[in-house]
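Go ahead and model the full structure; you've got the sequences and the hints to work with.
For reference, the chains in residue letters:
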Amino acid sequence: MARILSLAEAVAENVRDGDTVAMEGFTHLIPYAAGHEVIRQGRKDLFLVRMTPDILYDQLIGVGAARGMKFSWGGNPGVGSLHRFRDAVENHWPRPLEIEEHSHAAMANAYEAGAANLPFAMLRGYIGADLPKVNPKIRHIACPFTGEVLAAVPAIRPDVTIIHAQRADRKGNVLIEGIVGVQKEAVLAAKRSIVTVEEIVDELAPPSPNSVVLPTWAATAVVHVPGGAFPSYAHGYYPRSNAFYIAWDEIARDRDSFIAWIKENVLDAKPEDFARHAVKTSARAA
Amino acid sequence: MTDFTPNEMMTIAASRELSNEDVCFVGIGAPSAACNVARLTHAPEITLIYESGTVGTRPDVLPLSIGDGELCDTALFTVSVPEMFRYWLQGGRITTGFLGGAQIDKFANLNTTVVGPYDHPKVRLPGGGGAPEIASNCGRIFVTMALTKRGFVEKLPFVTSMGHGEGGNHRERLGLKTKGPTRVIADLCILEPDPETKELAVVSIHAGVSRGQIIENCGWPIKFAENVIETPAPTEIELSVLRDINARTKMAHQGAGTGKEAA
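Residue numbers (the numbering used here), protein chains in the order written: chain A, 1 to 286; chain B, 1001 to 1263.
Hints may contain errors.
SDA-like mimics (lysine to any residue), calculated; alpha carbons at most 20 Å apart, straight line [claimed, not checked]: (1) B:Lys1177 / A:Glu148; (2) B:Lys1155 / A:Val134; (3) A:Lys133 / B:Lys1155; (4) A:Lys133 / A:Ala152; (5) B:Lys1250 / A:Ala243; (6) B:Lys1250 / A:Gly78; (7) B:Lys1122 / A:Arg253; (8) A:Lys133 / B:Lys1122; (9) B:Lys1122 / A:Arg255; (10) B:Lys1177 / B:Asp1194; (11) B:Lys1122 / A:Leu97; (12) A:Lys270 / A:Ala12; (13) B:Lys1122 / A:Ile99; (14) B:Lys1122 / A:Asn91; (15) B:Lys1155 / A:Pro132; (16) A:Lys133 / B:Pro1157; (17) A:Lys133 / B:Pro1121; (18) A:Lys171 / A:Ser211; (19) B:Lys1177 / A:Val149; (20) A:Lys133 / B:Val1123; (21) B:Lys1122 / A:Pro96; (22) B:Lys1250 / A:Ile246; (23) B:Lys1122 / A:Glu90; (24) B:Lys1122 / B:Gly1151; (25) B:Lys1122 / A:Val134; (26) B:Lys1122 / A:Asp254; (27) B:Lys1122 / A:Trp93; (28) B:Lys1122 / A:His92; (29) A:Lys137 / B:Tyr1118; (30) B:Lys1179 / B:Glu1196; (31) B:Lys1179 / B:Glu1021.
Beyond 12 Å from chain A on every Cβ pair, some chain B residues (computed) [claimed, not checked]: (32) Pro1006; (33) Glu1008; (34) Arg1016; (35) Leu1040; (36) Pro1044; (37) Arg1150; (38) Ser1204; (39) Arg1211; (40) Phe1224.
None of these hints come from the bench; they were simulated from the model.
Ideal Cβ placement from N, Cα and C applies to all residues, glycine included.
Have a look at this one:
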């Protein structure tokens, strides 16, 4: 059964130095508040996993919390580069970053394999591409029936997965709607999981029987953090702050302005500070 | 004739390649603009799919990211990312993929990974994302990129997604049954692979552009097809649809929070 905890407790109990940590959310529902708590608690030597490491992982890399990263697309979507990620890869600042690079299709399949308790995933992928030449974790396997050669990648099995969702009930059952990304697979693939939510309610009341539900026994901790996905968004609650994603380019470009931003908005801030971004929009509530 | 920029010409030329029958995997940036201009002009029934899982989406403003809420709000349905890549893309249900890149070579291979050696890159780019499998699993691929010497290079430092490989029948030799890149729509011209060698050649020159400009801006000795035509200039309607959606998009992206108030 998932325990309903404070964010500080959930991170202290479940995220350890050296862990392989996945914080997922495909643009939508990115667990910013939880990521900031990981930074505040000073976790180090993390091996970060994420299909689309964007600003949150730029922040974790920039503060030196990561020894490595497994990913498939590392940029600020629609804006440009992740400057802290680039600084780590190109100049080893603040420390070198070991990278394991895949494609989206491979990562999505690898999470599914992890959730399904299989050792690897296979896909018709990477044909004619150079990634297999530089990533020894991309291998090939022949179909035992047809002989077709397919790409194979190891299953993703994080020590801990952290996601954000719309709401949970008091037992810790979690509901996710909208762009559901790879969150369900990432939680089921992990040994432990933390789910931050916009609301804790008496009844989940799914708007459709096909909404994604993670039952309480599939998660480790559930945490109430309204606004916890900002500047990403929570469908039905508040929109993505595209203006912040654009503004991040300037903040992160320079090491000093990045450090000043982290001090003011992460190290000297609290999870409650996210609450002012939590405004339920009427469009979906109707 | 109304004035237009090379970038507007590129977007509109790309939009004209699409029809109502297309089921299109849309990338962010110029591809997204082109696909939505097509939807708002001559191809209202086109199916647009974004890799975040939204299928049949009809956004009113262009998304900044592949997962903006607008895409889900206006979609026919939304699936998980693993389902998108397994059932819909790998399942062969997408007719057209639209890709861009930092660099392209004369066989339409694309690089969005690194400039310089992989282990010690001069420039670390975002990486492939969906592109390696979009390039091999969609029925055909359109590429949009501005024609520059830095972008159109003789040899790629890294092949993120395969176009026609080393040319000729390289795709078939690797077992690929899809067509790969069939058109490259640049800001000065349109290129197509030669049916035999698969080397890109200019087939259409945008209104107001000279052959000299094209030669000057390409990083390899570029070929011209035998019958090169002139790309028709954008119509008033095409331009106004593109400018309207760009203006709406700019307004929308400026709203909802700034750097100062962010957590």
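For the pair we were handed, Lys270 (chain A) and Ala12 (chain A), check the Cα-Cα distance against 20 Å. Given that 20 Å is the threshold and the Cα spacing comes to 15 Å, the pair holds.
Is it correct that the beta-carbon of Ser1204 (chain B) has no partner in chain A closer than or equal to 12 Å? 27 Å, holds
Going straight from one Cα to the other, do Lys133 (chain A) and Ala152 (chain A) come out at no more than 20 Å? Holds, at roughly 14 Å.
Are the Cα positions of Lys1155 (chain B) and Pro132 (chain A) separated by 20 Å at most? With a Cα-Cα distance of about 19 Å, the restraint between Lys1155 (chain B) and Pro132 (chain A) holds, given a limit of 20 Å.
Is the straight-line distance between the alpha-carbon of Lys1250 (chain B) and that of Ala243 (chain A) 20 Å or less? 10 Å, holds
Satisfaction of hint between His92 (chain A) and Lys1122 (chain B), Cα-Cα up to 20 Å: Holds, because 13 Å separates the two Cα atoms, which is no more than 20 Å.
Mind checking the alpha carbons of Lys133 (chain A) and Lys1155 (chain B) for me, to see if they're no more than 20 Å apart? 17 Å, holds
May I ask you to check that Pro1006 (chain B) keeps its beta-carbon over 12 Å from the closest beta-carbon of chain A? 21 Å, holds
Need the status of pair Lys1177 (chain B), Glu148 (chain A): alpha-carbon distance at most 20 Å? Given that 20 Å is the threshold and the Cα spacing comes to 13 Å, the pair holds.
Hinted pair Lys1122 (chain B) and Arg255 (chain A), Cα distance within 20 Å: 19 Å, holds
Would the pair Lys1179 (chain B) and Glu1196 (chain B) pass a check requiring their Cα atoms to be no farther apart than 20 Å? Roughly 13 Å between the alpha carbons, so the hint for Lys1179 (chain B) and Glu1196 (chain B) holds.
For the pair we were handed, Lys133 (chain A) and Lys1122 (chain B), check the Cα-Cα distance against 20 Å. Holds. Lys133 (chain A) to Lys1122 (chain B) sits at ~19 Å (cutoff 20 Å).
When each numbered hint is compared with the structure, no violation occurs for any of them.
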